[in-house]
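Engineer: Spelled out from the first residue to the last, the chains are:
Protein chains: 2
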Amino acid sequence: MKQTLKTLKWGEDMIYLDNAATSFPKPEEVYLAVENTMRNQGANPGRSGHKRAIEAGRIIFEARESIAKLIEVEDPLKIAITLNATEALNVAIKGFLKKGDHVVTTSMDHNSVLRPIKTLETLGVSNTIVQCNKDGELNPKNVEKAIRPNTKLIAVTHASNVTGTIMPISDVGDIAQRLGVCFLVDAAQTAGVYDVSVKENKIDLLAMTGHKGLLGPQGTGVLYIAEGFEVAQLKEGGTGSKSENLLQPNFMPDKYESGTPNTPGIAGLSKGVEYILKKGIESIRAHEENLVEHFIYELKKIDAIRIYGVNNFKKRAAVVSINIGNEDSAEISYVLDKEYNIATRAGLHCAPLAHKTIGTFEQGTVRFSFGIFNTHVEIERVIAAIKEIVKQI
Amino acid sequence: MKQTLKTLKWGEDMIYLDNAATSFPKPEEVYLAVENTMRNQGANPGRSGHKRAIEAGRIIFEARESIAKLIEVEDPLKIAITLNATEALNVAIKGFLKKGDHVVTTSMDHNSVLRPIKTLETLGVSNTIVQCNKDGELNPKNVEKAIRPNTKLIAVTHASNVTGTIMPISDVGDIAQRLGVCFLVDAAQTAGVYDVSVKENKIDLLAMTGHKGLLGPQGTGVLYIAEGFEVAQLKEGGTGSKSENLLQPNFMPDKYESGTPNTPGIAGLSKGVEYILKKGIESIRAHEENLVEHFIYELKKIDAIRIYGVNNFKKRAAVVSINIGNEDSAEISYVLDKEYNIATRAGLHCAPLAHKTIGTFEQGTVRFSFGIFNTHVEIERVIAAIKEIVKQI
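These protein sequence lines map, in sequence, to chains A and B. Numbered by the working numbering, the letters in the first sequence go through residues 1 to 393 in order. Numbered by the working numbering, the letters in the second sequence go through residues 1 to 393 in order.
Derived from the structure by calculation, the hints contain no laboratory data. Treat the hints with care, as some may be off.
In the PhoX-like style, the derived pairs of lysine-lysine whose C-alpha atoms are separated by at most 20 angstroms in a straight line are [said to hold, decoys possible]:
1. A/Lys118 to B/Lys242
2. B/Lys98 to A/Lys99
3. A/Lys338 to B/Lys278
4. A/Lys99 to B/Lys242
5. B/Lys99 to A/Lys98
6. B/Lys98 to A/Lys356
7. A/Lys51 to B/Lys338
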């Protein structure tokens, strides 16, 4: 069994371009932290007073510290850890909005934002979904126009998971601050690569996933809540704090962290974020931008390829959606996997309105998403594969 | 770093008796499954069509199959996987009950049941908390007496996490069925060791944790929902299914599994449950009962020790709460850890009413909780330590 403990390449030479679904591989430290926590640590943080339980608590606190540093938050206890970004978004949206409120979001947002907002409609929370242009770009003025007297929340993705289009969150943050509306950012596709400073961008609520750009394991997400925003929890239960009380503690982060946390996963997340802090998001971003520039440069030489999203690779996260003629996106993705050992994701990517926005609701797109460990050699191989596929059609 | 990959004993010879908080260690297969999934598999299940994403989906389906087998459920898709038992309980309680409904629970239940029920009070859902006796025993007749015309749910823990007292869930199941009330069991302390067949016990909703008796990693829980029970989800988001629809899918298990799941953790859970199925819960239970019998037999010889819960070790899960005279439980637990390297948990164990029931709300208790890997030699050492502590007081 020993060989299972080193990171094998998938198949002989699998090229993994599905980093927008989950980043792979992770830095070695991430794997080791998960393994070490499970094998040598094992206890339940904040539940018992023995050495190992205290150690588990320390691991989780260190994760909060690193994350707080990354997003420029002073108090690590403002960082709640969740199952995933979806949970963080649900808490933010459903915990903050009340009957009679109005929320503004965009047509490029993910189902993890849109579905909670749609559910709230049935509870008397209205919404406006601001239309983005066909490249997925958001005009902040349209956000401002959508604001009503009862608008309590603006919820915007930092970058589309379909086209990579980066949203002007700093401008939207200005509008939100000026109009006194709470500002929620979904940084699932950007955290760890792009600046998600809550100070710079005037973010009040921030949701992130742990297993994409933050390089942590699956089963981890983050919710930041700024001081002064009342957000109800979705779940109550044992928190290891105020055990004598039948009411949920009303302080961060315990309020949002009922039950036993995913300590091994959080230990891994902590190491992922440390890795990023050491490397610097600028250098990670530069690498990914170069990959995207290279990929798009080569794609443009191929007839029959349609590339979605903005042309400027500085304005897109490392996500490139394409189609080949009118071919079914799922079929292309299947061939890339089966014949060329290239992992991509086809279809609607849990973002149906984004596909309506860019005109691909029927066809879907083939999505290539890059990560810190992808290389230019891989891009060359992918381009060669695409050229062969195009020829065969 | 290689030494971190084998399971070290804590300190030189730490004795881990905090299995009711989280079981430790896990079977080797569990660690390997988590590691292998992270290092070699890595993809996001149900999100993409490539080999590894399909493989991730298969891993999760296998976990559902094993769990379904363990609790005697025919359709594995009735098994939803959650962050922890607390999440499963919150979905069951808050997703099922509506304004005007009434719910019955017990004074031995955990804050993960009591706190959601208390929160629902503010939304017009009333409750009756049936008082258990001073050993933590529940009289099923008292449950029946508490039923009102608007009682929609009976929520009962399978065994107290404070005293180990096993609840007569089969009798309560009969009552629930006869009176047409939905029956929710919290099997956080029993699954993997005691029979939680939903058929035998007429359970409609079952919540379990993955990281205690099921021997999986932290960050995993299970919710079973029987056919015909309408339970709203707490969270909406991407499910990898019906992506074109802005409404949450209304089928199991996707309805309750929004966002990226904890695939490595679930892979580990799957192996934990397989381990149990192979070993047989009867043999695991026999081992734990023997340990408890041994421990209590020796404890009874020591004056000044007060043991809580029922005297019959067949009627208690492998959890033994004690106090030494009027000494602070936290102080005793601290000394056990610091001087003797024995991990226990003191205090209220997130179950304040249970401590009121057994008369230890002020003092708390020192809880020793045993697992499949504890030994009689360890019990001898713990008894020797307790004797020394008693002498010094």
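Engineer: None of the hints should be skipped; say for each whether it holds.
Structural biologist: Verification of the supplied hints:
1. Simply put, A/Lys118 and B/Lys242 have alpha-carbon atoms about 15 angstroms apart, close enough for the 20 angstroms limit, and the pair holds.
2. Between B/Lys98 and A/Lys99, the direct Cα distance comes to roughly 17 angstroms. Compliance with the 20 angstroms bound is thereby established for this hinted pair.
3. As the CA atoms of A/Lys338 and B/Lys278 are separated by approximately 36 angstroms, the hinted pair breaks the 20 angstroms bound.
4. Proposed proximity of A/Lys99 and B/Lys242 is contradicted: the alpha carbons are some 28 angstroms apart, above 20 angstroms.
5. This hinted pair checks out: B/Lys99 and A/Lys98 have alpha carbons roughly 17 angstroms apart, not beyond 20 angstroms.
6. At roughly 36 angstroms between alpha-carbon atoms, B/Lys98 and A/Lys356 are farther apart than 20 angstroms, so this suggested pair is violated.
7. Note on A/Lys51 and B/Lys338: the hinted pairing holds, with a Cα-Cα distance of about 8 angstroms set against a maximum of 20 angstroms.
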